[in-house]
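If you read the protein sequences in the order shown, they are chains A and B. 99 is the number of the first residue of the first sequence in my numbering; add one for each residue after it. 99 is the number of the first residue of the second sequence in my numbering; add one for each residue after it.
Since the hints were derived computationally from the structure, they do not count as laboratory data. Treat each hint with caution, since some may be false.
Remember, identical chains collapse to one label, so a pair may be satisfied in a single copy or spanning two.
What the hints assert, rightly or not - Pairs of lysine-lysine, DSBU-like flavour, derived with a Cα cap of 35 Å:
(1) Lys169 with Lys116
(2) Lys322 with Lys286
(3) Lys325 with Lys116
(4) Lys325 with Lys159
(5) Lys286 with Lys192
(6) Lys192 with Lys325
(7) Lys322 with Lys192
(8) Lys192 with Lys116
(9) Lys159 with Lys286
(10) Lys286 with Lys325
(11) Lys322 with Lys116
(12) Lys159 with Lys169
Protein chains: 2
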Amino acid sequence: MRIGILGSGSVGRALAGKLLVLGHEVWVGTRDVAALMARGAAPGARGEPFAAWHGRNPNVKVAPFAEAAAKGEILVNATAGSVSLAALRLAGEKNLAGKILMDIANPLDFSRGMPPSLLVCNTDSLGEQIQRAFPAARVVKTLNTMNALLMTDPQQVAAGDHTVFVSGNDAGAKRQVADILTNWLGWKQVIDLGDITTARGTEMILPLWVCLMGVVGSPMFNFKVVKWEASTKPI
Amino acid sequence: MRIGILGSGSVGRALAGKLLVLGHEVWVGTRDVAALMARGAAPGARGEPFAAWHGRNPNVKVAPFAEAAAKGEILVNATAGSVSLAALRLAGEKNLAGKILMDIANPLDFSRGMPPSLLVCNTDSLGEQIQRAFPAARVVKTLNTMNALLMTDPQQVAAGDHTVFVSGNDAGAKRQVADILTNWLGWKQVIDLGDITTARGTEMILPLWVCLMGVVGSPMFNFKVVKWEASTKPI
Numbered sequence: 099m100r101i102g103i104l105g106s107g108s109v110g111r112a113l114a115g116k117l118l119v120l121g122h123e124v125w126v127g128t129r130d131v132a133a134l135m136a137r138g139a140a141p142g143a144r145g146e147p148f149a150a151w152h153g154r155n156p157n158v159k160v161a162p163f164a165e166a167a168a169k170g171e172i173l174v175n176a177t178a179g180s181v182s183l184a185a186l187r188l189a190g191e192k193n194l195a196g197k198i199l200m201d202i203a204n205p206l207d208f209s210r211g212m213p214p215s216l217l218v219c220n221t222d223s224l225g226e227q228i229q230r231a232f233p234a235a236r237v238v239k240t241l242n243t244m245n246a247l248l249m250t251d252p253q254q255v256a257a258g259d260h261t262v263f264v265s266g267n268d269a270g271a272k273r274q275v276a277d278i279l280t281n282w283l284g285w286k287q288v289i290d291l292g293d294i295t296t297a298r299g300t301e302m303i304l305p306l307w308v309c310l311m312g313v314v315g316s317p318m319f320n321f322k323v324v325k326w327e328a329s330t331k332p333i
Numbered sequence: 099m100r101i102g103i104l105g106s107g108s109v110g111r112a113l114a115g116k117l118l119v120l121g122h123e124v125w126v127g128t129r130d131v132a133a134l135m136a137r138g139a140a141p142g143a144r145g146e147p148f149a150a151w152h153g154r155n156p157n158v159k160v161a162p163f164a165e166a167a168a169k170g171e172i173l174v175n176a177t178a179g180s181v182s183l184a185a186l187r188l189a190g191e192k193n194l195a196g197k198i199l200m201d202i203a204n205p206l207d208f209s210r211g212m213p214p215s216l217l218v219c220n221t222d223s224l225g226e227q228i229q230r231a232f233p234a235a236r237v238v239k240t241l242n243t244m245n246a247l248l249m250t251d252p253q254q255v256a257a258g259d260h261t262v263f264v265s266g267n268d269a270g271a272k273r274q275v276a277d278i279l280t281n282w283l284g285w286k287q288v289i290d291l292g293d294i295t296t297a298r299g300t301e302m303i304l305p306l307w308v309c310l311m312g313v314v315g316s317p318m319f320n321f322k323v324v325k326w327e328a329s330t331k332p333i
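Here chain A stands alone, though its shape is the one from the complex (with noise of 0.2 Å):
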């Protein structure tokens, strides 16, 4: 399947990466190939330089936002909260319409140091201005609650018994999102949360996962929903 991915950053190489070896053709978009490629270290990215990153992968293309968008079947948000909108827009929404758009990013505010708060929230959502902007998109918020590196190799936690939301307005949209992540990214336990007004729920855990970061000491935890069981009740 051809994926279109939007962002260059840790989240948008660790699926590219993943996708590829999965055997999809893989379209990173950005806002300038020829500044991206000749960009040093960015901040987020382990240090990497893009274009090191992808000497290693070089199969992965890479195009402008439109381009990228244009020849994915399926597209990914992985570019930063706060510039998701313009990206999108760089995007193009006839390339959006139709399409399912996993919406990954999160509206982070790194303006007052740390820890960072959000954007928008409470009454409000990333997700939701998105699926708002792009009405013909069908946006799918996923994957939002996690480490890039967690995100593509659930396995490295707990044996992979964890928890990864979806939340969207298209049904038919979410099963797929869904099949994605349990027979692509090998999620074991997807929990769908209902339409896209619930990736409030899930951006909104994200300054307890800041927090959690700094207490574990490492950015490879997650949260796994337990509930009660017939087989855990006391006789």
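Given the structure of chain A, go ahead and fit chain B onto it with the hints provided.
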């Protein structure tokens, strides 16, 4: 020990009942004792009027906020988040001074209907508001991320293998609360998130919690933090 529980709803009742069974002297504080005793079924209290509950738990002492706070050596804020500051003002600054105040409330706003939003979040929290309003109280935010019945009996889900958080500025108070959570209530995984500003993180998972209650079809669930361990590392 003498425990003052401010609030007579489902959270206050669950804790009062449990602490009484454990042999403590429990004072439930309310605005107007006579009105509480005369009141019919209240929302969120499983339909049972307080007087009926008290009939089954007659050894719980019921008193105005200020008296319950004065009697308690350890205090619990189990009021609705929207009225917590008002209730604590009635409890009286001098009755809170120097004491551990376990803050279990969430600043839920039901005024726009379901699902609730938060009255404060992102750059502030109810826990911080309470600590600022009562600087001599030793506020520890905890137990605000699960149902009242699970707070006092974590074994009901997944054999108790899930997480409770503590946030607060006073390390000694957090150690004592962690001891209460572990040895009185049976919690196995207590995570100290840091100072009281980390209460933002736990209060902000409420929107996800509310979504999950709908999906799970019951409030008997919780989050477990799973992390990378040497034992799960691929060989």
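Cross-check of the supplied hints:
1. Lys169 with Lys116: Answer is within: at 18 Å inside a copy they meet the 35 Å cutoff, but 60 Å across does not.
2. Lys322 with Lys286: For Lys322 and Lys286, the Cα distance is within 35 Å both inside one copy (11 Å) and across copies (15 Å).
3. Lys325 with Lys116: both (31 Å within a copy, 22 Å between copies)
4. Lys325 with Lys159: Only across copies: Lys325 and Lys159 sit 34 Å apart there, 43 Å inside one copy, limit 35 Å.
5. Lys286 with Lys192: within (34 Å within a copy, 52 Å between copies)
6. Lys192 with Lys325: neither (42 Å within a copy, 41 Å between copies)
7. Lys322 with Lys192: neither (37 Å within a copy, 41 Å between copies)
8. Lys192 with Lys116: Classified as within; 27 Å inside a copy, 60 Å across copies.
9. Lys159 with Lys286: within (30 Å within a copy, 48 Å between copies)
10. Lys286 with Lys325: both (15 Å within a copy, 16 Å between copies)
11. Lys322 with Lys116: Both, since 23 Å and 27 Å are each at most 35 Å.
12. Lys159 with Lys169: within (10 Å within a copy, 70 Å between copies)
The structure shown violates the earlier hints numbered 6, 7.
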